[in-house]
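Participant: Spelled out from the first residue to the last, the chains are:
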Amino acid sequence: MLMPLVFVAAAAVPFVTQSYGLAFSISLLSAFILAQSWDWLDGKAGYTNLGHFAFFGVGAYAFAILSSKGVAIYWGIAAGALAAMITALVLSFPLFRLRGNYFAFATLALLPLFEILAFNLTDITKGADGIPLSLPRQINLLYGLLLGGALAAVGVSFWLDRSRFGFALKAIRNDEQVAETSGIRIFPMKCAVFMLGSAFAGFAGAIQAWYLGYIDPPTVFGLDVALIPIAMALFGGSGLIWGPLVGVLILGTVHDLLLTHLPVLQTTAYGLLVLLIGRFLPGGLLRTKLLKKVPFLASLAQEHHDFAPSFSGDLGATPLFSPNARTENASLVLDVQGVVMRFGGNAAVNDVSLQIKPGEVIGLVGPNGSGKTTLFNCISKVYEPTSGSIVLSGQSLASKRRDEVAHLGIGRTYQNPRPFGDLTVIENIAIALMFRGRDPLHHKQALVEAGRFAEFAGIGDKLSVRADTLSLQDKKVLEFARALASAPRLLLVDEVASGLTPTEVHRFIALLRAARDQYGVTIIWVEHIFWALAEIVDRIVVLESGTKLMEGSIEEAVNNQRVQEAYFGSKGEAA
Amino acid sequence: MDITIYLQLMIGGILLGGIYALVAFGLSLIYGVVRILNFSHGTLVAIGGILASLAYTDLGLPPYVSGIALVLAFGLFGRLFFQFLLEPLSARTPKEAEIGVVLVTVGALLMMSDIAAFLAGPTPKNIPVRFDPIELGDLILSSTQVYALAGIILLTVALHFFLRYSWFGRAIRAVSQDAFGATISAIPGKTLHGNTFAFGCGLVAIAGVLYATMFPVDPYMGFSLTVKAFTIIILGGIGNLTGSLLAGILLGVVESLAAFLIGSEWAPGISIMLLLIILVVRPQGIFGGKPA
Numbered sequence: 085m086l087m088p089l090v091f092v093a094a095a096a097v098p099f100v101t102q103s104y105g106l107a108f109s110i111s112l113l114s115a116f117i118l119a120q121s122w123d124w125l126d127g128k129a130g131y132t133n134l135g136h137f138a139f140f141g142v143g144a145y146a147f148a149i150l151s152s153k154g155v156a157i158y159w160g161i162a163a164g165a166l167a168a169m170i171t172a173l174v175l176s177f178p179l180f181r182l183r184g185n186y187f188a189f190a191t192l193a194l195l196p197l198f199e200i201l202a203f204n205l206t207d208i209t210k211g212a213d214g215i216p217l218s219l220p221r222q223i224n225l226l227y228g229l230l231l232g233g234a235l236a237a238v239g240v241s242f243w244l245d246r247s248r249f250g251f252a253l254k255a256i257r258n259d260e261q262v263a264e265t266s267g268i269r270i271f272p273m274k275c276a277v278f279m280l281g282s283a284f285a286g287f288a289g290a291i292q293a294w295y296l297g298y299i300d301p302p303t304v305f306g307l308d309v310a311l312i313p314i315a316m317a318l319f320g321g322s323g324l325i326w327g328p329l330v331g332v333l334i335l336g337t338v339h340d341l342l343l344t345h346l347p348v349l350q351t352t353a354y355g356l357l358v359l360l361i362g363r364f365l366p367g368g369l370l371r372t373k374l375l376k377k378v379p380f381l382a383s384l385a386q387e388h389h390d391f392a393p394s395f396s397g398d399l400g401a402t403p404l405f406s407p408n409a410r411t412e413n414a415s416l417v418l419d420v421q422g423v424v425m426r427f428g429g430n431a432a433v434n435d436v437s438l439q440i441k442p443g444e445v446i447g448l449v450g451p452n453g454s455g456k457t458t459l460f461n462c463i464s465k466v467y468e469p470t471s472g473s474i475v476l477s478g479q480s481l482a483s484k485r486r487d488e489v490a491h492l493g494i495g496r497t498y499q500n501p502r503p504f505g506d507l508t509v510i511e512n513i514a515i516a517l518m519f520r521g522r523d524p525l526h527h528k529q530a531l532v533e534a535g536r537f538a539e540f541a542g543i544g545d546k547l548s549v550r551a552d553t554l555s556l557q558d559k560k561v562l563e564f565a566r567a568l569a570s571a572p573r574l575l576l577v578d579e580v581a582s583g584l585t586p587t588e589v590h591r592f593i594a595l596l597r598a599a600r601d602q603y604g605v606t607i608i609w610v611e612h613i614f615w616a617l618a619e620i621v622d623r624i625v626v627l628e629s630g631t632k633l634m635e636g637s638i639e640e641a642v643n644n645q646r647v648q649e650a651y652f653g654s655k656g657e658a659a
Numbered sequence: 002m003d004i005t006i007y008l009q010l011m012i013g014g015i016l017l018g019g020i021y022a023l024v025a026f027g028l029s030l031i032y033g034v035v036r037i038l039n040f041s042h043g044t045l046v047a048i049g050g051i052l053a054s055l056a057y058t059d060l061g062l063p064p065y066v067s068g069i070a071l072v073l074a075f076g077l078f079g080r081l082f083f084q085f086l087l088e089p090l091s092a093r094t095p096k097e098a099e100i101g102v103v104l105v106t107v108g109a110l111l112m113m114s115d116i117a118a119f120l121a122g123p124t125p126k127n128i129p130v131r132f133d134p135i136e137l138g139d140l141i142l143s144s145t146q147v148y149a150l151a152g153i154i155l156l157t158v159a160l161h162f163f164l165r166y167s168w169f170g171r172a173i174r175a176v177s178q179d180a181f182g183a184t185i186s187a188i189p190g191k192t193l194h195g196n197t198f199a200f201g202c203g204l205v206a207i208a209g210v211l212y213a214t215m216f217p218v219d220p221y222m223g224f225s226l227t228v229k230a231f232t233i234i235i236l237g238g239i240g241n242l243t244g245s246l247l248a249g250i251l252l253g254v255v256e257s258l259a260a261f262l263i264g265s266e267w268a269p270g271i272s273i274m275l276l277l278i279i280l281v282v283r284p285q286g287i288f289g290g291k292p293a
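These protein sequence lines are chains A and B, in that order. If you count by the working numbering, then the first sequence holds residues 85 to 659, one letter each, in order. If you count by the working numbering, then the second sequence holds residues 2 to 293, one letter each, in order.
FYI, nobody ran anything at the bench for these hints, they're computed from the structure. Please read all numbers here as calculations on a predicted model, not as lab measurements. Among the hints, a few may not be true.
[Unchecked claim] Sample of chain B residues at the chain A side, in silico, Cβ under 8 Å: (1) L86; (2) L90; (3) L111; (4) V228.
Glycine is no exception: its CB is placed at the ideal position from the N, C-alpha and C atoms.
Between the sequences and the hints, there should be enough to build the whole structure, so can you do that?
Facilitator: The following block contains the structure:
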């Protein structure tokens, strides 16, 4: 409701005033496009790109260079957006090797780099002289284009909150490795959102160059101006639909007052503002507790996951997913041959072979540090094994990425649960449904179906709860539901029962049994609790110091002297 | 004759690289222990250089005297900066803390360079102490730079032993490897973080004074120094002093050769280009160390 009002007001500006107010509105719109497009990478995907302004500069230069050669204005603007996009594509390769503060830092370093390029490539950029433009200043058209760009940016933000792509970004923000093992190919996603944001920045830059009629390196690549839109988005609240808009309106006004009333030390005042935002409001104004108590304003602080799930609470009669066929072409679901995983001189998994038939449940046991989780990591391609082969239903997993392996039908849980923390239960499961290999669901359908998986696993009453606020047991249940939602052929379950009460363990066993009996899922279960294993497993594999000690029934394992030694030490040894 | 030019350039690069490495030590130490990437790190170097230069030209204080005073002053500044602006952020969610640290240090960067330019003027300053140049055949070495490099190498060795054998050194290595484990071993984690930050800032003061004896410093050069230090950390590995020294020297030599071969106007861009290339080719760094 607020947003249409703001934009109607913005659209009316050229009819009301032609001088100062118009100039001010143009600067606000330009800042808004930058702040909003910046927030796609930061607020959604969790990458703080401090060099966003550099793409504004690339757009401005592309426009200015082409326009001074007589290219039409529209083509110049399009070229500005395109140039910024291509630059982002190229820079994706080095930059996405980094995360967190490192990423923020390297992107900030882009500004001085581009400034040097603009200064030194004098043949193209005219260096420090800058490029003067003598274009007709059709101010209303220019204003209309900016307003259109701002509206499009809002549209993209809404779309990102309600699309498969947006969910992929939120998964990436929380845990890239889990996003991959849930079937998301992360690099193209990160690259795409980076390019999209840069295209908008380039567009705004091209229009700015047209508006100013002149550009030189410091105006578009200076550190002091570059951080303004970012500070605005963060001040409002990064990741919130209304955050960048509120931030631009308030800080834009403050900035304008500073410029007009402060003769010296403007940068200091701005730096102080940035510092204070960082110190007191890093989550943004809209996320402050005080604001959440004001009725109207509280609705502005709506987080992306604040929506009511549409699940009826009824599991229904249809199966959660079509069960795996019992008679596979290949007689083995998993065929591990001589897998070795070395870290430096230490072989965490040393020449392990393992054959598993469809519908089997295998217990994988061994003392701490015997290589159980490392073997899981090799199978799900979290690690690339040093040598050996892993074949899933006749398909070799060599040279497969984590997301490809997930698509082929390997689902897994983690020993220390790793749900997507700032997403709700239903979103966690829905992401697996959207990105699974076997008949992936449309995001709307996935959000409904996810409720059934939660109900099946026993957390149907916690659909709208943020995953990081769940109890340990519920986190484990959620991970199991998420892994099952990917319709796996082979499920790797890592110590789900440790730390649980006997009742809870029994519930888990029932879940595993249902997964096997109803959906034909083959399971490897890493666990220390022998009585729990005894209830369900067909076979047990004992690892010790990375090698396979024995394979057989539980009784054989318990009575095996070498297994006893591995667990309790040999006879006569001091306890 | 030709080879002499290159030799001269190499030596100039090594001397330059030593100072870069020294700037990187503080950044690396702070990041390794406190997990804070201080964006205003290089700006502090510039401020230190400007202050030492003013102290020399206006008050006649020799660099080592102003150096000692600055180490203490910067250490105190670092402690307070950490205590009041950075430490309170650790109570927030990880994402908010991360953003908060970036904004606080970037804000400090903008403020410090602007205030320095306002008070001391934007013109470059240096400490004009000069000794007779050393001549080795055709090679001419600035003895100031040679002394400075010798000082840096001594400091590296001293730091190495300090970090390895002193209580403080052992404690911060423990914290950098496992902060929680260190805390339950009765190492006061928070105090240590503050002191490490202060220690890193103290190192910066030394770097600033040495820098100003060799090259002019201006209030706006800070961020490009931070970029160089960051490149060195990526090349040399976090917390790896020897790696940082080698990486610093490598960067210095590459910059000095590049300035000669493709023009000095490109020199400030070398470190960023090198950083981007390294990230693609060898993200774990050249001299081993942890991946970024």
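Participant: Confirm or reject each hint.
Facilitator: Hint check:
Because the smallest distance between the Cβ of L86 of chain B and any Cβ of chain A comes to about 5 Å, under 8 Å, the interface hint for this residue holds. The interface hint given for L90 of chain B is met, as the beta carbon of that residue sits about 7 Å from the closest beta carbon of chain A, less than 8 Å. Hint status for L111 of chain B relative to chain A: holds, with the closest Cβ pair at about 3 Å, below 8 Å. Taking 8 Å as the C-beta contact cut-off toward chain A, the hint placing V228 of chain B at the interface holds, the least distance being around 5 Å.
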